[in-house]
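Protein chains: 2
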Amino acid sequence: MSPGPGLHRTVLPKSFFASGANCGVRRYRPDLGIITSEKEAVTVATYTTNECQAAPLIYCRELLPSRRIRAVVTNSGQANAATGELGLQRNFAMAEAAARSLGVETSQVLTASTGVIGHQIEIDKIVQAMPELIARSTNVAENFALSILTTDLVPKAVTTVVRLSQGEVRITGICKGSGMIHPNMATMLGYLLTDLQIEPELAQSLLREAVDQSFNMISVDGDCSTNDITFFMANGASGVALKDEEDYCKFKDALFEVARFLAQAIAADGEGATKLIEVTIRGAPDLELARRAARGVTLSPLIKSAIHGANPNWGRILARLGAEKVPASCLQKTVISLQSVAVFADGSPLEFDRRCLHDQLKQSKVQIDIDLASGKEEAVAWGCDLSKQYIDINTEYS
Amino acid sequence: MSPGPGLHRTVLPKSFFASGANCGVRRYRPDLGIITSEKEAVTVATYTTNECQAAPLIYCRELLPSRRIRAVVTNSGQANAATGELGLQRNFAMAEAAARSLGVETSQVLTASTGVIGHQIEIDKIVQAMPELIARSTNVAENFALSILTTDLVPKAVTTVVRLSQGEVRITGICKGSGMIHPNMATMLGYLLTDLQIEPELAQSLLREAVDQSFNMISVDGDCSTNDITFFMANGASGVALKDEEDYCKFKDALFEVARFLAQAIAADGEGATKLIEVTIRGAPDLELARRAARGVTLSPLIKSAIHGANPNWGRILARLGAEKVPASCLQKTVISLQSVAVFADGSPLEFDRRCLHDQLKQSKVQIDIDLASGKEEAVAWGCDLSKQYIDINTEYS
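Here the protein sequences come in this chain order: A and B.
Quick note: the first sequence uses the numbering used here, first residue 1, plus one each step.
Quick note: the second sequence uses the numbering used here, first residue 1, plus one each step.
Possibly wrong hints are sitting among the right ones.
[To be verified] These stretches of chain B come out as covered by chain A in the derived footprint (C-beta under 8 Å, 3 or more residues):
id : segment
1  : 50 to 58
2  : 73 to 82
3  : 110 to 119
4  : 213 to 226
5  : 289 to 301
6  : 320 to 326
7  : 381 to 390
Since the hints were made in silico from the structure, they are not lab data.
The model shown is predicted, which means the values in this text are computed figures rather than measured ones.
Glycine included, C-beta positions come from ideal geometry on N, C-alpha and C.
Work out the full structure: start from the sequences and follow the hints.
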């Protein structure tokens, strides 16, 4: 699977189109994007678990799941969260403007927002730009992927083709990070598009599982956002459905691969990140513990800072495992490895070549492997290092 | 109450003595300290909830509560955590060396350690220095307070006098921070000393409550340590006991005040901190929610970074409250104030003078007041801002 940015063009599934433009809210960057489907699309979503829900989430929850969605419009720069009744009105006006330009019903248009919390969106600029935004739609993802970025550095889009028994379908994934990333579900915006024919119930269960193994396993800073939503749209334009168990497994694997690819892209592009950290827990007595421990390690500012400095300070990893309630009896048997070098086993430090490991930790991807030797469950989580640039970005933003 | 450092000398309660020295583990700073009591002291403790417990904690848990403690020896620089059987042996040797020099039983000597995890302590240097360390004991806290510091900048010690019906007693508190601070109980070392006569059961319940309202409400980085312990020693040397409810309340208030003073001192001296952040939650429907919400705000790296930049980005506070599961119905009624300036109410942003508030947020103490308007419970938590120096300290440490 190859990433979207650069010279590569991410072609959308059949009958999907996308666009991005600058409507004037942000000064230099695109700030308004839309994904449209020529055919009515089965659409489901997962939402942030934050009790403070932004206006677009309140709106989307009322409409989904649906079999009739034609578009998702997204603005960046202003989150439309903590904006009260006026925020809800302006969110509706954004959907309405897109529906008018597309000639569809407002209830067929979804919305998403990302940016600073507590500012009313500049709805006049958004409404005015809508016809031109839609007119610029193409069958590639890049312009849309750019328009939804906030502090991300890299647009994130990827497409894969799945060969099923009746023919080919395509899956495109697009997302943005990169601060307030500690999904539960995903502290991010995500769009999974396919031309497969599928029923809403199955789409919902696939999405839930995909998100659990991808976006819900990443963390940039442990702050869970008010605006996070992942859409899964299936417009059936390929004429291909899932005919048997083999088709189901192939499609599911491909969808999960797209979701994990995007999740890693978000972690690697976390605010101020210079390295992707992949934490694998093996041998856990239960899945919940494996997931919590893996995420706990990606969350620790002490571990993140150590990795930033290529410092093999594994004691902080052990301490975090204990803080996440990995039982003392497991910790006694735990083996911790950094870049495949074992540093702790049998409850005691191991001898290792510090200088050599220090050099290996300078790579752009750091692997922390933890074997609890206490069961069969596994989990993988992704995070990033903590650099001074994170402070720069978040001291000045707003 | 005035702090310990500087020209001020913190005089210990009757018959307590303390000392600190450099035994050679660390290059420039004192790294070994001891508190002794001429009389056997009733001693209780609270411990980290981390599943990974350092050797001294395993040792102290076996001895406490006790009516017979004569000393606590503490080394800094090496945490004696994740050190296996050898770590336990060396910890015992440290207690034994102190007992020998003092002419008491080893079971009358407690231990504590702080520093890097996963290194065996240099026990020979510690044992060798013990007689000289004890010979240098005085009735003031400063040398001991210095010897237990790691990345702290300021020694933390304070004394208060309580006038009870039978006479005066004294309470001294000493502690250290300043990384891996997210107590549960306290990610720190704490020593509360008094010459009051008190039974172990009452001492334990007072300590538990004091810690819950002080050390358990601070956070520097959300990382919970393997070594945290707070001791409460009462040697009865004043000859004064708690005779009635009034005595009890006076003593309790003074003890809590000492604990809160120390907790704030730790937060203010957090790694890289330039500001103390005090978060007050009022009007909560239950105490658990109030405590979780208050601590959640102090934990958020986004809020900590914003405060570092004197940036009145209250949206991040609201988002964190929602992430901590303050119900949406509460958030609708919530009023958020920064330095007494209301910025959010009735579910919507309020108008305020951004430049003026920016200036007010440059002060060394920032107050975040949150009224959930949904009940009578309150909680206060303390934290610090997140600066680039935190990254420097934790990239290089070990």
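Hints, one by one, checked against the model:
no.	hint	in the structure
1	50 to 58	holds (count 4)
2	73 to 82	holds (count 3)
3	110 to 119	holds (count 4)
4	213 to 226	holds (count 6)
5	289 to 301	holds (count 3)
6	320 to 326	holds (count 6)
7	381 to 390	holds (count 4)
Checked against the numbered hints given earlier, this structure breaks none of them.
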